[in-house]
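Visitor: Once you have looked at the hints, place chain F on chain W.
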Amino acid sequence: MKTTMIEVGYPAARFDARSKVSGEEKFAIDYSREAILWAGARRAAMAHAMVRGIDTSRARALPGVHAVLTREDVPGTNRQGIIHKDQPVLAGSRVRHCGEPLALVLAEDRDVLEKALGMIEVDLEPLEAVFDAAEALGADAVRVHESGNLLHKAVIKVGDAGGAFDRCDVVIEDSFEVPGQDHAFLEPQNGLAWQREDGRISMIVSTQAPFRDRFEIAHALGLDPGAIHIVSPCLGGGFGGKDGATVQCLLALGAMRAGGRPVKMVWGREESFNAGYKRHPVRMWYRVGAMRDGTLQCIHCKLIYDTGPYAHLGVEVMALGMEHACGPYRVPNTLVEGWCVHTNNPVSGAMRGFGVCQATFGIESMMDLLASKLGMSRLDIRLKNALRRGDKNGAGITLVNSTGILPCLETLGGHRLFQESEQWKKLAGPYKKRGVGIAATWNAIGYGRGLPDSAIARVELTREGKIRIYSSVSDMGQGNSSAFVQMAGQILTQDASHLEIIQPDTDLAHPSGSSSAGRTTYTFGNALIAACEEMKEKLLHRASLLLMLDEPAGLALLPGIIKHLPSGREIPFDLLGRLFPESDRMAVKQFVMPVARDTLESENEFKLGFPHLLFSYGAHLAYVEVDELTGKTEVKEYLCVTEGGRVINPACFDQQVHGAVVQGLGYGLMEEVLTRQGKILNPNFTNYIIPTSMDVPDITSLCVETEETTGPFGMKGIGEVGMNAPLPAIAGGVEDALGCRINRSPLTAARVLAALDARGVNR
Amino acid sequence: MRDVFLPRSLEKLWTYLDESPGALVFAGGTDLLVKTFNGFPEGEALVCLDRIDELKEICQQGESIWIGACATHSGMVASRLVRNTLPALWKAVGEIGSPPVRNMGTIGGNICTASPAGDTLPPLYAMKAEVEILCREGARRLPIAQFIHGPGATGLQKAEIVSAVRIPKPQGLNLQHFEKVGLRSALACSVASLAALARLSPDRVVEEVSLAWGSVAPTVFTCPQAEETLVGRPLCAASLREAAEIVRHRVRPISDVRADAEYRRTVAGNLLLRLGTLS
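Protein chains in written order, with the working numbering: chain W, 1 to 763; chain F, 1001 to 1279.
Extracted from the complex, chain W is given alone in its bound form (with noise of 0.2 Å):
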């Protein structure tokens, strides 16, 4: 293999591109020991009712059955939850939602788990159900809680939206809506657990948050977090769907009962739908006042998130819908209304653009419309309001760091596709019709105010003499492991044999945050480069005592040495790593990252992650045909521009935006969670519908860099920025196209024909 020398700033394929592809890489899913007992969890089926009675017997009593455990069977508060704590492990009176385990099966197949899952008898009293959020904020509402369908209301308010629109010269009004969204990684949730002799639990499982996992679970089970080990290998896909417990508390409560037997679950695709929590459906409602010129004066918006039986991050998901709902826009008065509501449709979670791809399609789709009402361009009206360093966001924040949104919006509008756009529509062929779309978007980095956002990095020089990376925060495919070694290799000056990483192990890494937020390589990134420099202090002074030199001066680090430059001695890290004990081959360093110091009329809206700092920015144009005759859409060429501080390595960057523009296409044109009763119609890929290579046009990504001071070598991440402007930009295409606005997503081929036919269009 061709060593080669590991630098910031160099499109490098990935370090770990060999052990993928060749599939040495081990994944969650690839874990199994001696005498395994497969796990496995009898779900509801029924979205809302009592539990009259659940009758293991017959399941029990069939060989090869190990346990069947119910409610009766869990420690602890039985409540799992992330910063709620509402979710039973296993339920033991009420069921809200289809998915709802009620009994956990260990078994010593697969064969035989089917079986006896099959075998549990449930007695389930069905209870009236509520499906429909605005239905479920109603007074005489079905309640899915004792305390009410309401799980948070909150309201941001800046200057005063309700006078000003008053003082403006045009004003437009629209409404929204968005279905819920599946993360469709490859590899399903599951995971591996045993309990130890000394009575600790260790579990190797596909998850974003190994350190916080220990707490959910020690909380739901009542267990000492301590005596959780949680192992989190590279992940076949997260997307923010293994941010918070899936298989954690039911392999634990297993493992507990499994006399020391190891215990695996992996969920089916189905159970992964079923089970699994989605992107949260949103209704919208937006009224938007601005002047003759295109200023605006004042937002006022209403979003309703639908967040089903249990709360997940589904208020985290709101407050940051909402800090985004006005867009990367000057907005002097802003009035954003935000109910998160419980419903018996299936739990809505993370994921990838966190609330703000939702509100991002309301923002973008009434800057279109005002464009049209005032006659302008639809990308004079974003870069006349685009934010600038040193406004105020909708939300209040003053912007004090990096923010690229003009330049982003004037590197689209100076592009080749941009500049082509009208003669490109005037070439559509018959019963085409074309058009061209583009969309502004922003996403915060971090967990904002309220929740420390911390990583802890450690680097150790080995006995072998290699530099070890301990990563805190998992690597769910974006590439962080690798821009950690980059980062490590620049700082030492190391090459690709004198580097290695470790996956997070709770018990060999140092606590840090989730792998989420777009703030994994930012924070992590950060510590890592104070333990590399620390390190390199170190190594720099021990091979000066065994040079004999009074100090470090002239010693460089060069791959696997240390070298007096002038006179040509070497130190090799392998006799270092002999020489030195442990404890002193080893530099630790914390991050925490900094948060917005505004004081805001709502900063008491939301006890944590609200408001933000750092924002990464986007400007996306999407060439769109539509076909009159069946409605289909195609994205035909696609740009977007990407702003988020300097880049660590470019084809990383570009294999982060093109990733987000592809789930963003299919959230566009196809994905959509289809219920009916609560119950998912579509619960695998047969009739999920997520695009295919031939659904994806060529993606143009162009990168627009900025320096952001407090970002490792000037980064910020840019993992989730691109997910939000792909359907807005795809449904100002078709607009363009057409002549109507589709304001009911994904813009399917029925939904277009639709719009098609009751605009009376002529074939």
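These are calculated hints, taken from the structure and not from any lab test. No residue lacks a Cβ here, since even glycine has one placed at the ideal position from N, Cα and C. There could be a bad hint or two in this list.
[As the list claims (entries may be wrong)] If the Cβ cut is set under 7 Å, some of the chain F residues that face chain W in the computed set are:
| # | residue |
| --- | --- |
| 1 | 1183 |
| 2 | 1185 |
| 3 | 1186 |
| 4 | 1252 |
| 5 | 1254 |
| 6 | 1257 |
| 7 | 1263 |
| 8 | 1267 |
| 9 | 1270 |
| 10 | 1273 |
[To be verified] Under the rule of at most 35 Å between Cα atoms (straight-line distance), these lysine-lysine pairs were calculated in the DSBU-like manner:
| # | chain 1 | residue 1 | chain 2 | residue 2 |
| --- | --- | --- | --- | --- |
| 11 | F | 1056 | F | 1012 |
| 12 | W | 26 | F | 1035 |
| 13 | W | 426 | F | 1091 |
[What the hints assert, rightly or not] Which chain W residues stay away from chain F? Per the calculated CB distances, all over 10 Å, these:
| # | residue |
| --- | --- |
| 14 | 35 |
| 15 | 50 |
| 16 | 177 |
| 17 | 372 |
| 18 | 398 |
| 19 | 505 |
| 20 | 545 |
| 21 | 554 |
| 22 | 567 |
| 23 | 691 |
Guide: Relative to chain W, chain F alone:
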């Protein structure tokens, strides 16, 4: 436990079928696999036709094209004969499923599954194909429209297999078209489809036309009334609109998770309009 037989000759096949009269016969297994997800009947033996070479051939026999039942979709995509003489079928098989499904799935399987969404079926109906049915005692032939009775229902008797499909070589046609509407551009089940074959005079008057739709009725839908409306008139938007209206009245689509009946009905008619844009 279940017996799986992999005969390499017809002789062996008949022996296995004699020994296991209840056996399920399959070819590429792409549809069978899906059935196993929803509780596949236990115990019955499986007999796979996939290794019988004489069922894989594609050749010209007189004025017909003979396609063995075990010819895969990929095999048909690669066949110059199919591509040059049966372009509508060639287009259809190229859009079935995904490359792995096309590598395993066969034309015989597509016919026997008898799904209204089977993508080879509209071209086969439009071309008046005949299904060749074989048993130990001999062969018989049925027009495809008579062979397929309903969704999943065919005229195949016990101990019989479909050995081939025989397609009259299209003569003098200057329009051979297939269009599939799915929920995405690949790996999609057809929501509506149209196969159209026509002979047009130099001034585009329709002399002969044959049309067949997929996914808009319990079996492939044909519409002599629409064909009659088109014959003798120039192929233009006006005549196609008239025919489309007839089609929309006569199709019997269902609503399911992929599309509702109204969409299918509208699109079944609309797809005809495309014919006016083909050169």
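Visitor: Need the list of violated hint numbers for this structure, in ascending order.
Guide: Going through the list in order, the structure violates hints 4, 5, 23 and respects the others.
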